[in-house]
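Starting from the given sequences, assemble the full structure and let the hints guide the process.
2 protein chains.
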Amino acid sequence: MNSEFAFIETIRRRFSLSKIGDDCAVLPKDSKTDLVITSDLLVEDIDFRFDWTTPEFLGHKALAVSLSDVAAMGAKPVWAMLSIGIPETIWKTDFVEKFYDGWFGLAKKYDVELVGGDVSKTPDKIVIDSIAAGLVRKNKAVLRSGAKAGDLIFVTGSLGGAAAGLTLLENGVRYDAAANTWQRNLLLKQLSPLPQIHAAQDLNEKNLATAMVDISDGLSSDLAHLCHASKVGAEIFAEKIPLHKNLRAIGKSFDENLDCALNGGEDFELLFTVNPKKKFQFENELKNYNFSHIGEMTANVETIELISDKKSSILEPKGFRHF
Amino acid sequence: MNSEFAFIETIRRRFSLSKIGDDCAVLPKDSKTDLVITSDLLVEDIDFRFDWTTPEFLGHKALAVSLSDVAAMGAKPVWAMLSIGIPETIWKTDFVEKFYDGWFGLAKKYDVELVGGDVSKTPDKIVIDSIAAGLVRKNKAVLRSGAKAGDLIFVTGSLGGAAAGLTLLENGVRYDAAANTWQRNLLLKQLSPLPQIHAAQDLNEKNLATAMVDISDGLSSDLAHLCHASKVGAEIFAEKIPLHKNLRAIGKSFDENLDCALNGGEDFELLFTVNPKKKFQFENELKNYNFSHIGEMTANVETIELISDKKSSILEPKGFRHF
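Heads up: the protein sequence lines correspond to chains A and B, in order. Each residue of the first sequence is one higher than the last, beginning at 68 in this note's numbering. Each residue of the second sequence is one higher than the last, beginning at 68 in this note's numbering.
Note that these hints are calculated values from the structure, not bench results. It is possible that part of the hints are untrue.
Unchecked claim - In silico BS3-like cross-links for lysine-lysine, where the CA-CA straight-line distance does not exceed 30 Å:
hint: 1; chain 1: A; residue 1: LYS205; chain 2: B; residue 2: LYS273
hint: 2; chain 1: A; residue 1: LYS86; chain 2: B; residue 2: LYS188
hint: 3; chain 1: A; residue 1: LYS385; chain 2: B; residue 2: LYS188
hint: 4; chain 1: B; residue 1: LYS99; chain 2: B; residue 2: LYS344
hint: 5; chain 1: A; residue 1: LYS207; chain 2: B; residue 2: LYS188
hint: 6; chain 1: A; residue 1: LYS188; chain 2: B; residue 2: LYS159
hint: 7; chain 1: A; residue 1: LYS99; chain 2: A; residue 2: LYS344
Said to hold, decoys possible - Away from chain B, derived, C-beta distances all over 12 Å, residues of chain A:
hint: 8; residue: TYR177
hint: 9; residue: ASP269
hint: 10; residue: GLY300
Stated by the list, open to error - Just so you have them, the derived chain A footprint on chain B, three or more residues with Cβ under 8 Å:
hint: 11; region: 74–88
hint: 12; region: 265–278
hint: 13; region: 330–339
All figures in this text were calculated on a predicted structure; none of them were measured in a lab. Every residue gets a Cβ at the ideal spot worked out from N, C-alpha and C, and that includes glycine.
In structure tokens form, the structure reads like this:
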């Protein structure tokens, strides 16, 4: 059996599933609107560790990962469902209440209504399935497949912070009074990521993104997904990748920090492409956002070139995969 | 911490969640249609055992439990999502392919499209979250809350089979060549239940059900949910409960078989109520279905009386609960 990506591709072809393969499925709602919907499974000891996070952070992150998928379609999140399985020992504590506090804290910010879900017992690990849905103008969901050669590539915010936060956790640093400010910033990026909802909606309302994907698996992987869906290639510039400002504090080399930003995953920033003819409009109308222009799409199908010090190398997708 | 039902009720009140508490959430789709949606978590060693079932049965059942919720709203299922977490050892086998075969076998029968989901690794147990959505005429979803005192209570099919099948599994009987026909019937009821989709849609198209719920936790529990939501009570007749035809073969007493039917759960039949004024229309237009009239709703709020040999006793909800 191959990776989960290969497996999903096989299932998609075998059963002719046209709605599988983007950040969300796009479903017709009414004459003016489409519904987008996504489901994300979070498993203890695979996607998170109980003693590395807090119930509130975990509740927040469960919703954030799904809202990030909704954002990647350029949609406005509207409702969500939450299924949670927990061991009896955890059920007896205040974990679940605090978990829902974290979930609702983020839901309130974007006016997302909890409409359903399930509560189940598990033998010994926590498992969460987070479902979120959003609305978008008819046929205007931003797909992974819309990029053309020549389109400019942008990312929101900065990259590598979540992976660095994970390294801190692995090294025993916790989000507590003993942590420095720079450590807390990196830990927050890992434990309590913020989906880029407003930026995505603004981009879409102005028809500026030709393709979009959220950076959950890692820039190298998610850019590869976008290239695959759009049947194009990409070249990106190492010096233009926006590294998280606190990466330097860890004291590693530029190349190590770059690796974190390229392959780390879980930043939940957005990667999107813009038609070069709209560059002026883009710069003019979206100047309030922190977007970085990191490269261009090319006709070199499914090949990603990384330019560093004017030297080019092939960037292989190295982000997180389950199998 | 109380039962999961009490917990969900607390969350519902605390965050004013109006769409929580029925078999599905009802969401506006367009001017003529509502969307109903449900999510069901199935956890290994809680909801199923790996060596008691087959991958195909498990795939079938994962979808069946959610389609049963869609049926309970009187809706027509249209699409579904499937999130599955599996250990690496299982990923390397043909389990996942066979699981999807079972899932798609049922999906094809009701023209349900897989539109999304997630695939994740777990440390050691399988976990499945099944999401299904259906369409129903605007404001015509059949809720749990519509029953009035005097309404007639019906159930589809027969009860107790799934619980008896579970007892067989616990006693070492498997769905294989060594099993008798009656054992296979009971095992199928537990391992591969059939959602009552056509009956539910017919009932709803003819405006015949005032309230409906699927029998997943057990008749006593699910009737209690319906009484609670409708703010009424019920009286049901022991002799009218349709026992599964193969229950007798187990060789237990009538009272033990009745207990199986009242409290066993997982039959995935439907429990619904009909206005007595519509009794003639109901009997006339739905005579092709196997419905049993088991009692009446009463004004004795949230009290369920069980009449047996003309003696009345209070029936407490005793179905399955996680906590």
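The hints, checked one at a time:
In summary, the hint linking LYS205(A) to LYS273(B) is not supported, as the alpha carbons are separated by about 33 Å, beyond the 30 Å threshold. For the suggested pair LYS86(A) and LYS188(B), the alpha carbons sit about 23 Å apart, so the restraint of at most 30 Å is met. A hinted pair counts as satisfied when its Cα atoms are at most 30 Å apart, and LYS385(A) with LYS188(B) qualifies at roughly 17 Å. Of the supplied pair hints, the one linking LYS99(B) and LYS344(B) holds, its CA atoms being roughly 28 Å apart against a limit of 30 Å.
For a cut-off of 30 Å, the pair hint linking LYS207(A) to LYS188(B) is broken: about 33 Å separates their Cα positions. A threshold of 30 Å between alpha carbons decides the hint, and for LYS188(A) with LYS159(B) the separation of about 27 Å falls inside it, so the pair holds. Using a Cα cut-off of 30 Å, the hinted pair LYS99(A) and LYS344(A) holds, with the two alpha carbons roughly 28 Å apart. Even its closest Cβ contact with chain B, about 15 Å, leaves TYR177(A) beyond 12 Å, as expected for a residue assigned away from the interface.
Distance check on ASP269(A): its Cβ is at least 25 Å (rounded) from any Cβ of chain B, clearing the 12 Å threshold; non-interface status holds. The beta carbon of GLY300(A) is kept farther than 12 Å from every beta carbon of chain B, the shortest such distance being approximately 27 Å. As drawn, the region 74–88 of chain B meets chain A at 7 residues by the rule of a beta-carbon pair under 8 Å; at three or more, the given contact holds. For the region 265–278 of chain B, the proposed coverage by chain A is not satisfied: 0 residues have a C-beta within less than 8 Å of a C-beta in that chain, short of the threshold of three.
Evaluation of the coverage hint for the region 330–339 of chain B: breached, as 0 residues show C-beta separations to chain A shorter than 8 Å, against a requirement of three.
Of the numbered hints stated above, those contradicted by the structure are hints 1, 5, 12, 13, listed in ascending order.
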